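Novice: Hey, can you work out the whole structure from these sequences and the hints?
Single-letter residue listing:
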Amino acid sequence: MIATFSRSDWLLLIAFIVIVLTLPWTMQPIGAAYPDLLQKFAIYGIFAIGFNILFGLTGYLSFGHAAFLGVGSYAALWSFKLLTMNVLPALALSIAVAGVFAFLIGYVSLRRSGIYFAILTLAFAQMSYNLAYSVLTPITNGETGLQVRAIRDSAATSLRDGDVRVIDQFLGIPEIGVPISNLFGMKMSGYSGFYFCAALLILGFFLALCISRSNFGMVLKAIKSNRNRLEYTGVNTRPYLIAAFVISGMYAGLAGSLLSITDPIAGAERMQWTASGEVVLMTILGGAGTLVGPVLGAGVIKYAEQKVSSWNEGILHNAVALLPEPLQDLLVWFFSFFVGEGWHLTLGLMFMIIVIFLPGGLMEGFRRLRRAFSGGRSADSAKTATTSTVQEKS
Amino acid sequence: MSFRNPSRRKVLKIGAAAGVTTLATPYFFSRGAFAQSMDYRNAPQGDSVTLGFNVPQTGAYADEGADELRAYQLAVEHLNGEGDGGMLNTFSSKALEGNGVNGKKVAFVTGDTQTKSDAARASAKRMIENDGALMITGGSSSGVAIAVQGLCQEAGVIFMAGLTHSNDTTGKDKRANGFRHFFNTEMTGAALAPVLKNAYGTDRKAYHLTADYTWGWSQEGSIKKYSEELGWETVDAVRTPLGAGDFSQYLTPVLNSGADVLILNHYGKDMVNSLTQAVQFGLRDKQVNGKDFAIVVPLYSRLMAQGAGEAVKGIFGSTNWHWSLQDEGSKAFVKSFGEKYGFPPSQAAHTCYCQTLLYADAAQRAGTFRPSEVGKALEGFDFDGLGNGPVLYRAADHQCFKDVLVVKGKENPDSQFDLLEVVEVTPRDQVEYPPELLGGELGPYNDGV
Amino acid sequence: MAVADIPTGETSEREFASGVPDKVLHIDDVHKSFAGLHALSNVDLDVRHGETHAIIGPNGAGKSTLLNVCVGRLPPDRGAVIFDGHVLTGKTPHEINQLGVARVFQTPEVFLDLSVLQNVMVPALSKRDGPFKLNPFAAFAGETEIRDEAEAVIASVGLADHMRDTASSLSRGDKRRLELAMCLIQHPKLLLLDEPTAGMARHDTNATIDLLKRIKEGGMTKVIIEHDMHVVFSLADRITVLAGGRIIAQGRPEEIKNNPKVKEAYLGEEQV
Amino acid sequence: MDAIFLQILNGLDKGGAYALIALGLTLIFGTLGVVNFAHGALFMLGAFCAVTLNRLLNTSFDRVNEAKVDFLGKPLVEKVPYLEQWFGPEVSGFLLDWSVPISLLLAVFVMALIGVAMERGLIKHFYNRPHADQILVTFGLAIVLQEIIRHFFGANPIPQPAPDIVAGAANVGGLLGLGDNVYYPWWRLIYFLFSALVIGGVFAFLQFTTFGMVVRAGMHDRETVGLLGINIQRRFTIVFGLAAVVAGVAGAMYTPILPPDYHMGMDFLVLSFVVVVVGGMGSLTGAVLAGFLLGILQSFASMTEVKSILPGIDQIIIYLVAVIVLLIRPRGLMGRPGVAED
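Residue numbers (the numbering used here), protein chains in the order written: chain X, -13 to 380; chain A, -5 to 443; chain F, 75 to 346; chain V, 143 to 484.
The hints are all genuine.
Output of the computed footprint for chain A on chain X, the stretches with three or more beta carbons under 8 angstroms from beta carbons of chain A:
#1 21 to 35
#2 128 to 141
Over the 10 angstroms line for every Cβ pair with chain X, so calculated as not near, a few chain A residues:
#3 33
#4 37
#5 76
#6 86
#7 230
#8 250
#9 388
#10 406
Calculated directly from the structure, the hints in this document are not laboratory data.
No experiment lies behind these values; they were computed from the predicted model shown.
Even for Gly, the Cβ is constructed at its ideal location relative to N, Cα and C.
Specialist: Shown next, in the form of structure tokens:
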């Protein structure tokens, strides 16, 4: 199977690995080189890659993927509370639970397509969110969020407030206060947490590349292209769609699990429809159907959420400190609409601009740039550029 | 809030300094520096110390967040010796001299919690990991406060909670590194009960509408406990979905339930909507069981009450602080806030200002920013002059104990800010409870090393 | 995609004696009406092994309905369609295809986002691997045998130069060739063609006729629905004439040409 | 019995609001084929028309009142509305009291303008783009619109009281002979009547005018209408304007029930989509039917009697109904096949 990668696929994979692993250095100039944001880049990158397997390949727009993210987080937390602080069981449990959950929702939702499918997934996710916030509080700890606690003294303490961690207790792993998630002793916060997420991001990217290049992936793309034709070609599209839905749900579960692993708390708002919308935006912003686009989109949105929102007027003033006072004030006044508390406005405008002018997302922007630079040389190179578009997309 | 305001600009520039320096410092260098002084997390290296103000800048509580941020900026100004000094002049502890803290200028970074636990933690992590903040403060909901408090405990910095009213913050979910100045539902219940008894008597039937999440339940529990002690009967307690918008389907059953008091355990937009609609349904003007029907909103926020407009008139509730208080501290705070921004501060602004001052004072008295030392300086600290009379920071649960205000919607307000009038100041000893009551465990301090 | 939503009716597979052994397709007394309007009534039709059978008729005669009944898109109200000993009635399109029935649409239906080679690989793999195979790691790029065959088929329809182009960049005529290639790779026992030259220029039409003639030499059974008499008489071995949902004539081309009933049905239609 | 009657009233009232938003949404979808995620924002903009009018009427100058002091102990600077200065307190008081109903005039004008501008400037370029693109660009627009509103009006809800005379509750029981225990707010009754009127008006407009006939024909088969040489484009613009006006007046009239804030559009967005989908994308009757159905079901699901059997049912009832309806009727209650399925 690996033999079927073309040379450009290998180059893409290697470039991806290099870029991801060097993020702590390359992100410094823009002030994003700190563990939490890097972790979020990787985690939401995984989420978006998985979402893209459904949306980018089959064209089915799910508005409920946050539900799987949330379920994955809760599953990981319960693994911490009941079994062990080691992250491997948590990962496995999250992916499995999210997969089962995705199968149930996908089995029902995929009976419909188009907007009806989107609303069905939205409805399931909103039901999960509403219930998790209120009546399911015994499992989710509602508004406060599920957290890791110290080992409970007696069975009278509820499992929400006191953990059992049977495996750790059995192995006699000592605990002081509230323990930290770890991979055989290596703690999963800070940079080690980032590299753990990065490794899984690379693995997830590699799997997505495999799927994209496989016969299975080709059928998924054919579904997007012309599902009716595919049925008359002897392909039963429904199991393919369910498989794609479950796989992308498992990616979401993995992402949710990593959220809990790097930061052991799980809240219901992760399942809200706006969170589902966020991953749609990430994917489209970067370029749906491309491999790198969703990761890029995830990075841009998380950066905006974390950094652009923190640029207050003071920072703006410093940024333009070399300019004369009145001009400074004018610039600061103008930009203060878009940064700090105005970062939502920036986000909204960014989407409008991307969707209006670059329907293929940022990746299409790069392609156009590349074409603009190579297009001057010969008609031939322009043609190669178009075919490489196909290559890239396929 | 004009950008031309010179004093504000100056503060902002200082505030930004920290952000920009760290922005430009490659992390390996800063890590190296950190490694040299493995004293405690984010020990300040230069001549300034960075605080992280984590408030909701987007979402339903954005206005509250904006007010908190104003208070923080004012506090930083006062700590650095600018402006009129505000409550520093009335504060009983005189450790702070208006030249920063421990000889270092105070700088700050800001972040947006979006009133979501995930976003709030991410934002706090940025301030700790990237901007070198060694204290995080702010927040406008209990879910967020508890989430960020847990994070600060893990990271090894101090958390000074902003507006959080749930018992859990300093109860079940309390942490050694976390401190709360704001009051809680338990105190609300204890403070409201006697006032309700005077106003409405002991023979009442109460109907609760409760926001269906932890804070709502906690509030409902406290009010039930204290009102039933009075002899009130609880007819029903109905849970309403968060953000329901239209509450009509929950209000109509109240009319025929035989209840004569409606208790709205809602906050924020839910409170505005349910109260507005309850009044529209004529509940405030009704007669039931031969008594005037009454509505009670246990936790009032003036900013939010503005949204309910006329509907708040005559409605009882509790609040942490109100700008119309006439003690020296409150007057000084209202003056310096009002002159800077042109309107009086909210209770959220007040608690955030106090928390910043209290932290700075504790660090000054401890002579270090090490969380464990600062924490010990705060534990059992008795102070006065910050607008609530004599206050104790209880060592056992890191909760402030002070008088609680019972307020009522004003019948004839003078201005748009003049919505509430203080009807009773319930003294501190009436709202105190044993620390074991709410459970939880502080655990050890974490200095982040 | 709406297919899955249509009630499938009686699906029990009855044993049907295939009767004459060289009958590939047997349409047995099929009725279909839409809102009281009889689109098909009493249609009996046999298609013999290896023949090219054309179904003609004026507009609204029920040709497309008949085809849709054959491929499982529409359930008949009564009667059955038997293919190669299997009852097709109530089966889904992909099941019918797996039995060996391939279909060319009226307007070329291909996978516009995929390359020409991929367009042909999809049916090739569905023939080999069945209606569903979950193996995200298997890629045809590594399977020379089946790929070589696909490339050969593509070359045979004259698209060798377009192997790596996306289907959306093809001309309409080329899309039709591609669709034919997609059917041919499956070596279907029966190929259904729905107006394969509709909307084509004369030049393209002739090229398509040539192509279909070549396939005919391979001995594949074909049913063609066609409007263009030039095409019909160039290709068909036998012709069935539908009018008003009923079969009015059946026979070899020359018989049909001279059938008065057919002339009557086509009265006013320029092509006869 | 009274309780059930009141819940039906609640449901009708809620349903009226849902139906009004969904009506415009499904109209836009049916004629223009556009999925408009900014429709909630239009509802919000309508509500802010009421706020704006109130602010305009309150435009005032400062007058120092030496007799009173402000919170800083300085002489109180009173805001005196120009209206009061010019026409005296009685007229200005009357205008302010009736500002919500009066704001309907403003809302009709402003929303028509916004609607036309939106269609000409943005939406028309998206007729042939995939639904996902339409969703995203209108979602982006919704964020931009609400952030602009937040910039000027803040994040807190702003109270907009109904006129005094209808601010209280009506003795519905007395009117209908059900006893004296059934009270219902006047304004909600008015809102229900208002929504019924607007819905009726829109239906009449589409049913009995030539314009409406063309639009309905366009909803049925856009290509054919285009082929007839009718300038469908101009009509689309008007339809979009109409939908914006319906959403806008629905929002303006809703302000006394729900004090408006910048985010209210998003709160209604998901709900209105569920209503449209349950009704069937592109079906006007479906949207109205689904609006009232969901409103009434939501009201009943909130009753303590129901909740004690199914805890949390009121949290999910809307979505649950959507799922059930879509699984039983693939295209919603009244949807046509082939619409919005790709």
